[in-house]
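Visitor: Listed below, chain by chain, are the residues.
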Amino acid sequence: MYKLNRHALNRRRVLGTLGALSVGMAAATLSGCTSTTASVGGAKSGAARRRITIGSKGFAESWIMGELYAQGLRARGYQVDLKTNVGSSDIINTALQSGQIDIYPEYTGVIVVNWVGIDTALGTADETYDIAKGWENEHGVTTLQATPFENKNAVAVRKEFADEHGLKKVSDLKGIGDFTYSTYPDNVSGAIGYEGIVDTYGLTNMKLKTLSIGLNYQAIERGEIQAADVFTTDPQLLRSDLVVLEDDKKLFGFQNVVPLIRDDVFNDLDEDAPEFLNRLHSLLTIDAIQALNEASAINRIDPAQVARVFLQANGLM
Amino acid sequence: MSGIAPAGDPVIPDYGQASDCVIGNGPFCGDWFVDQWSTVFWPPLVDHIYMVVIAVVIGFVIAFAAALIAYRKKWLAGPIGIVATFLYTLPPLALFQLLVPFTGLTLLTVEIALVCFTLVIIFQAVLAGLAAVPDDVKRSAIGMGLNQRQLMVKVELPLALPSIISGLRIATVLTVSVATIAAFVVDSGLGSPILKAVSSPFNTQFIGAGALAVLLAFVLDGLLVIVGRVLTPWTRARV
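Residue numbers (my numbering), protein chains in the order written: chain A, 1 to 317; chain B, 1001 to 1239.
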């Protein structure tokens, strides 16, 4: 499971090659960044900290989250250096631990599975959050409140197909006859991959077709496949005629987004920063994040612009 | 303050309706390109120009100096040429990644790699240009009383200029294209919108950014042609 979930994240990573860089490399490196500000780990001492470096991972939802943090904090007078596309979970987490970045948005389930190493299904989002928070605390990182929305893997089918076979839950797929499910090549073996679903739900009738990310929606609309691996915040779910089946055996866990802030940075922050982040996170419901993702993935609006419009509409800047 | 934030009541802004072209991922959506020009294309284009200019200028300084040394001390030409050629043959992506442990995910990494690729081209161009200066021209210049330094500045370099300029043109065009790969290391340059468009296939973005890179190569090449003509007025008379 450990390995697998990491793959699930990797799937969202744009810069496949960057993943080849070892974690240590990333740790050693982010510091000399050329962009705007000087040394990142520098301004630790003294009064309130007004300069922060925010990171985001390698996919659109994370870019938007990073922009939301950065623009909101800039509006509160912080000097923010935003590093988009830092890389996979392991790389960005090392960058946080080693002081190359100060804050980044992470998914609670990722923390629990990748770093805590829990591979059994947890019962609730709160339980997942608490375990993630505990682990981060031990590692010198403060977690603020998590978003109401979560973004995790799910199985989607076309509505007609669901109606025809009376499908509501993933376990309903058992015994409906052969059908084809698609996921990306990295997500075949392992606990939340194709094999994990087959094992957990006993779906021996589920055949596999691997497709690159982003192609599964076209394939299911054309009827080339009957079920697809999707992410619950995919904006395509708003538009296409798809039904997400309930994960009744809780295979996919819980993935709310939480801001991770290194303790030394958190202790030096003014009250306004955590206040803003908590307010922002409470507004990020599933409807909100899908709209933001839609603006980015369907309307193709730049993440910076997507974030600015949302912050302004909600009086956060 | 703990746990999952209670769901607030967000105002979900209206991001407008995307055109059919954008939704259907048409080959090239002009409306979107114009709308997003100032955020998606212009800043990376500016970064890209900086990246290329810095690399070519530094590459030129190093390669030019190396060529002058190799011209004076002929036995050095071989070894320098081999080193420069070796640097040139490394795959750009591999070189970026080799450098990352030392110089980080920074512009410095990118520039070092880009400079490496310009060296062999400029080095050979300068050396070839100098070597092609006819011996009788040099002899008559010496006969007129020029010392070695004057010979270099007044005779050899001017005559080598067309070759040097053509080397610079090749190096510049090459750097424009290699610099797109820099996006693997820094979120900068025209490679950045291309990479991001690949993850969720969007034709307008990578065609737009790709076309800008091609256009940039043409423009910089054209500028160098003009510079070359201004610096070597005699070549036109000869044609």
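Treat the hints as calculated values from the structure; they're not laboratory data. Do not take every clue at face value.
[Unchecked claim] Below, a sample of chain B positions facing chain A; criterion: calculated Cβ distance under 8 Å:
{"hint": "1", "residue": "Gly-1003"}
{"hint": "2", "residue": "Ile-1004"}
{"hint": "3", "residue": "Val-1011"}
{"hint": "4", "residue": "Pro-1013"}
{"hint": "5", "residue": "Gly-1016"}
{"hint": "6", "residue": "Asp-1020"}
{"hint": "7", "residue": "Gly-1024"}
{"hint": "8", "residue": "Gly-1026"}
{"hint": "9", "residue": "Val-1040"}
{"hint": "10", "residue": "Asn-1147"}
{"hint": "11", "residue": "Phe-1202"}
{"hint": "12", "residue": "Asn-1203"}
{"hint": "13", "residue": "Leu-1216"}
{"hint": "14", "residue": "Phe-1218"}
Treat the numbers as computed from the prediction; the structure is a model and nothing was measured. Glycine included, each C-beta is placed from N, C-alpha and C at the ideal position.
Visitor: If a hint holds in the structure, say so; if it doesn't, say that too.
Guide: Structure-based check of each hint:
{"no.": "1", "hint": "Gly-1003", "verdict": "holds (5 Å)"}
{"no.": "2", "hint": "Ile-1004", "verdict": "holds (5 Å)"}
{"no.": "3", "hint": "Val-1011", "verdict": "holds (4 Å)"}
{"no.": "4", "hint": "Pro-1013", "verdict": "holds (4 Å)"}
{"no.": "5", "hint": "Gly-1016", "verdict": "holds (7 Å)"}
{"no.": "6", "hint": "Asp-1020", "verdict": "violated (12 Å)"}
{"no.": "7", "hint": "Gly-1024", "verdict": "violated (10 Å)"}
{"no.": "8", "hint": "Gly-1026", "verdict": "violated (11 Å)"}
{"no.": "9", "hint": "Val-1040", "verdict": "holds (5 Å)"}
{"no.": "10", "hint": "Asn-1147", "verdict": "violated (44 Å)"}
{"no.": "11", "hint": "Phe-1202", "verdict": "holds (6 Å)"}
{"no.": "12", "hint": "Asn-1203", "verdict": "violated (10 Å)"}
{"no.": "13", "hint": "Leu-1216", "verdict": "violated (20 Å)"}
{"no.": "14", "hint": "Phe-1218", "verdict": "violated (26 Å)"}
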